[in-house]
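Residue numbers (my numbering), protein chains in the order written: chain B, 360 to 594; chain G, 153 to 566.
It cannot be assumed that every hint is accurate.
[Stated by the list, open to error] The calculated lysine-lysine pairs, modelled on DSSO-like cross-linking and capped at a C-alpha distance of 27 angstroms, are:
#	chain 1	residue 1	chain 2	residue 2
1	B	K457	G	K464
2	G	K168	B	K457
3	G	K468	B	K429
4	G	K427	B	K457
5	B	K520	G	K468
6	B	K473	G	K468
7	G	K199	G	K380
8	G	K401	G	K380
9	G	K364	G	K268
10	G	K427	G	K401
11	B	K473	G	K168
[To be verified] Just a sample of chain G residues kept apart from chain B, beta carbon distances all over 10 angstroms, derived:
#	residue
12	H160
13	W216
14	G230
15	E252
16	D282
17	G294
18	Q314
19	S344
20	R350
21	P411
22	D412
23	A555
Since the hints were made in silico from the structure, they are not lab data.
Beta carbons are placed, not taken as given, at the ideal position from N, Cα and C, and that holds for glycine.
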Amino acid sequence: MIEINNLNKSYAVGQNKLHVLKGINFSVKSGEMVAIMGSSGSGKSTFLNILGMLDEADTGSYVLDGTPIKQLNETTAARYRNQFLGFICQSFNLISYKSALDNVAMPLYYQGMKRQERTERAMHYLEKVGLANWAEHLPNELSGGQKQRVAIARALASDPKVLLADEPTGALDSTTSYEVMDLIQEINDEGKTILCVTHERDIAQMCRRIVHLKDGLIVKDESVDQVRAKNALNV
Amino acid sequence: MFSLERWHEIFETINKNRLRTFLTALSVASGIFILVILLGVSTGIQKGVQSEFEQDAANRISVWTGTTTKEYNGLNPGRYIQLKNEDYVLIESNYDDYLEYRTPIYSIWGGAVSYKDQNGTYRVEGAFPDQQFIENETMVQGRFIAQSDLDQTTKVAVIGHQMKRDLFKNEDPIGAQIDIQGINFIVVGVYSDPGGNREENRIFIPLSTAQKVFNAQDRLRSLAYTVKMSDDFDQAVALSSALSEQIDKDLRQKYSVAPDDRSAVRVNSTLEEAKRIYGLIDTIRGVFWFIGIGTIIAGIVGVSNIMLIVVKERTKEIGIRKALGALPWSIIGMILQEAIFVTAMAGFIGLFLGVGLLELVGPMVDSAFIKYPQVDFATAMTTVVVLILAGTLAGFIPAQRAAHIRPIEALRDE
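Isolated chain G, as found in the complex (with noise of 0.2 angstroms):
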């Protein structure tokens, strides 16, 4: 089947046909150039949401509180819901099981922050240790707050690297004492977090230490919690679903709140959205695929026709070779190797550009949305099986058209 003596024909006649080989093999490879990039574009979509979400955990349920805007049980809208220390203790004994890291919070935007000459205003959150991992950040240097932090309420403050630049330049921070409104804090430890610039500005404390030193009592602006994943990812969606109804419940109850009032409590579960983005990026991915074969498919009808028109022009010729002896299966061999061989050199042809453009151009894209848009292995392995595939598909057709070719009626005289 894969003689010398079979591919000697075969460039024979591709080298006697130049421009009918050529079209052919451009409408197959364009259809795998944009397979390749419209591939390349999804998983570039994917690394960039999936960055999106990793400034937090993506396991995260959020609550917030703020003014009602609905009347509900005779009570007039416009009540602040105050979130307190007591809410946060009500949770966590009913839910414990179920959390994995916890924090409540108490912060305040716009606090003035300064060392020595260098000042600005920072976001500074007082929470409990369990904020580094909901945060997701990475200590760069020193320590996050510890339990005896909170016990002692000790005046230390953790600091983002965004933050470490602008006020200590190259000095190093740790131990370095810094006013926050007014009040002075001895720096233990910097952060990053993948999430960037934007979350490197916020600086923590200990809560305890922020409810005092901000005259605060037991008041929290937020709770934070991350919930236990399971291996199977719906399976968390549900929990992280159903553990935040829950808390929403409870909270709505507490305070009397209309269940539909959307302003008063919040509580947002990061897992549900992740899961309905990544549904999203599945969706494009799919959709992406299926312009993509589409494309080929029109390519290889392409090659298909320019087969059957081959077979049909050398109709005379196959029945020259069938009359000298040529077996049925050595013409078919011959049109499928041919096709093969054709749809194979254009896809690659078009497989390598596709990648060539995305290795070229993605480090340069730099979009919210889409990151390092690239073709990994399995993917081009996949195209080429495709490829293969489409190549026997298009020359089927026409080569059983060949060898039922019948030699008397391709000898018979003009």
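Next comes chain B alone, as it looks inside the complex (with noise of 0.2 angstroms):
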């Protein structure tokens, strides 16, 4: 699903240059759900920003679902995150205006689907996270993990090949961050692919692989033994 290669990535500050990323290699299979790690400064955000191609790497190669991400403009990058990727952020990123469903529905409004078949497609993934009966509520009438919810069916609404959660759970409680991370396990479950970043151990463990970056380069790459959040939240 992802395939990357000797991933280079610099920001010029002053007069120095920063190296984020000193080559990195990473590939993904299609249904995996992979943490990755850091400290801060550790070049995770970046990495992230360059799978999310809101940033374009210095050098290397990536590879998306078999179709080569580079020299990206403005229209096509909006084009491929629209159809290959959903976003997951710690703070929601919610549209405060609108209701949870039309939030929803906003990717699938940027496919140019009529607004029909957009309302039923995102009722459809409101259902699947359990707020259908929130629909027409504003954001800020949503505790956090609702808000989160949203934010999570609207990364699946336009049913992108991969999902990539910037800390999900960095604004929730534990409670409230082991329910998101249940409703993304079952996603997992489902086959989707997802990519997570955290900081935090015991949501790294609920995923399937962890991969440790440190210094822009990974350090480790371990498979672990899924812990189901339900059974988490049952303790």
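Hints in hand, dock the two standalone chains.
Dropping the structure here:
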């Protein structure tokens, strides 16, 4: 699904060059659920941004589902993002003046889907995350956990190849975190490929594989026995 | 571009930010409102001045004489320069090709006129038939002075409409006998003058008759001409002023009058005056457009400014949209369309208010120099075009700014 070879990225900081990613080789198979861990400054955010086509690497190759991702202009990047990727962020990033349903329907709008079909599909995904009764509510009428569920529904709505989650539980208490992880695990069980950046070990343990980043390099890549969030909840 | 979906988006944003939209709209609406009022007033001024000129033919040249005030060629000041029939003949023979209508005039002010028991004092003018066209008179009844009247020195009179109302009330004046300074005249016609009542208080009689009954011999009070108009206004003005200059020169030479003695010989070209006034109107119009456009620019800057704030405020939202796959042009389109929509709506409201006010108040305005202030269709359409352009301009920079928002920065957690 994802093939990355010798990825390099550096930023100009004043006169100096800050080498953030120093040759990353990484591949993810379809249906995997990978946690990316690392302390701050390890380059994990930059890595995720490149994966999410929000930023471009200096050198190295990135192939997503057989499509080489290179020399993106804004338009093609936007199109690829819409087709291939779903984003889940720490701060949910819902549009505050739109209802939960409209938020979920947003990526479909940019696919050019008709309003009625859009609404139906968005409703379907809201049901999936258990918020069908909250469809007409605005984000600020929802709890943190509910907001993240709406964000997950939105990420799923365009039926992307890969879900990219950036600290999806960072703003939630542990019970809610586990509920959200439970949902993400269910989605993974259905075969969706998921990449999850986190610095919390218990959250990482809920994935199937953990990649450790340090100083711009992958220092450790391990498979783990997945801890089911549902079990953690019942403890 | 004009999909229902987009409109839905725009109405939603506007609805969510009513105060902001209202304030923006207010600045544009007042700009257009002021422009429309200014244009209406300038049209009113134009009409007012035009109607002032309509009382006489616009291409008129008038010649008067008076008393010399300057010594010239050893002649003392204080001489009265008397125009005679021969002067008229001389000018006509010299410049016949350039003249359209012509008449010598002998007139008396305060002529006592009576009909039965009604009487009044009016200006009595002895003139040629051409006087009708030079004074821009329209016949209401009967006829004007004819050449045969001049030849036979008949005692006929053409009276103004106002005179008819004063002397005859509801009687038919044609064929009636009136008394002018103790001499009987037959009324043959009634005229009306676009200049109104003041100009309709004159009575025209044949020049030959006037000179005879008032014992004027071959003396004249003034001369009046119109120059032949060509299609080119500037050319006509040039001809008119050259002609009046030449006539002026001829008369001064003949009567030995100092070239700068304005009171002894006066030759006046209405066309030249008209050109000056029309030039002034153009200037006023230009200034009004300038002020109006300036006001609109202030409005545009306002809209642009507010849209920039909007973009700033919505940076995160736009970032999210882009992350979800919004194409750059769809962001530009969204901001631009909102700006155009807001300016256009506000502008139309201002336009309608302005036109409405003019329609309401316009007919009540009746000053000498402003008449029926109005905005014609073409002007209204121009302002509409200005509006659409303004909206596009106002939205363009903010839209560009929005399109360049990088989702990575917008999505970064605080």
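For each hint, the structure was consulted:
1. K457/B - K464/G: It holds: about 18 angstroms lies between the C-alpha atoms, which stays within 27 angstroms.
2. K168/G - K457/B: holds, 10 angstroms
3. K468/G - K429/B: holds, 26 angstroms
4. K427/G - K457/B: Violated: K427/G and K457/B sit about 63 angstroms apart, past 27 angstroms.
5. K520/B - K468/G: holds, 25 angstroms
6. K473/B - K468/G: holds, 25 angstroms
7. K199/G - K380/G: holds, 24 angstroms
8. K401/G - K380/G: Since the Cα atoms of K401/G and K380/G sit roughly 20 angstroms apart, the hinted pair holds (cutoff 27 angstroms).
9. K364/G - K268/G: Given pair K364/G, K268/G holds - Cα atoms ~25 angstroms apart, limit 27 angstroms.
10. K427/G - K401/G: Roughly 22 angstroms separates the two Cα atoms, so the pair holds.
11. K473/B - K168/G: holds, 23 angstroms
12. H160: violated, 8 angstroms
13. W216: At about 79 angstroms from chain B, W216/G clears the 10 angstroms cut-off, so the statement holds.
14. G230: holds, 91 angstroms
15. E252: Label holds. Min Cβ-Cβ 71 angstroms, cutoff 10 angstroms.
16. D282: Holds: least Cβ distance 78 angstroms, greater than 10 angstroms.
17. G294: Holds, because the least Cβ-Cβ distance between G294/G and chain B comes to about 78 angstroms, which exceeds 10 angstroms.
18. Q314: holds, 71 angstroms
19. S344: holds, 69 angstroms
20. R350: holds, 69 angstroms
21. P411: holds, 79 angstroms
22. D412: holds, 78 angstroms
23. A555: Violated, because the least Cβ-Cβ distance between A555/G and chain B comes to about 8 angstroms, which does not exceed 10 angstroms.
Hints 4, 12, 23 from the list above are not met by this structure, while the remaining hints are.
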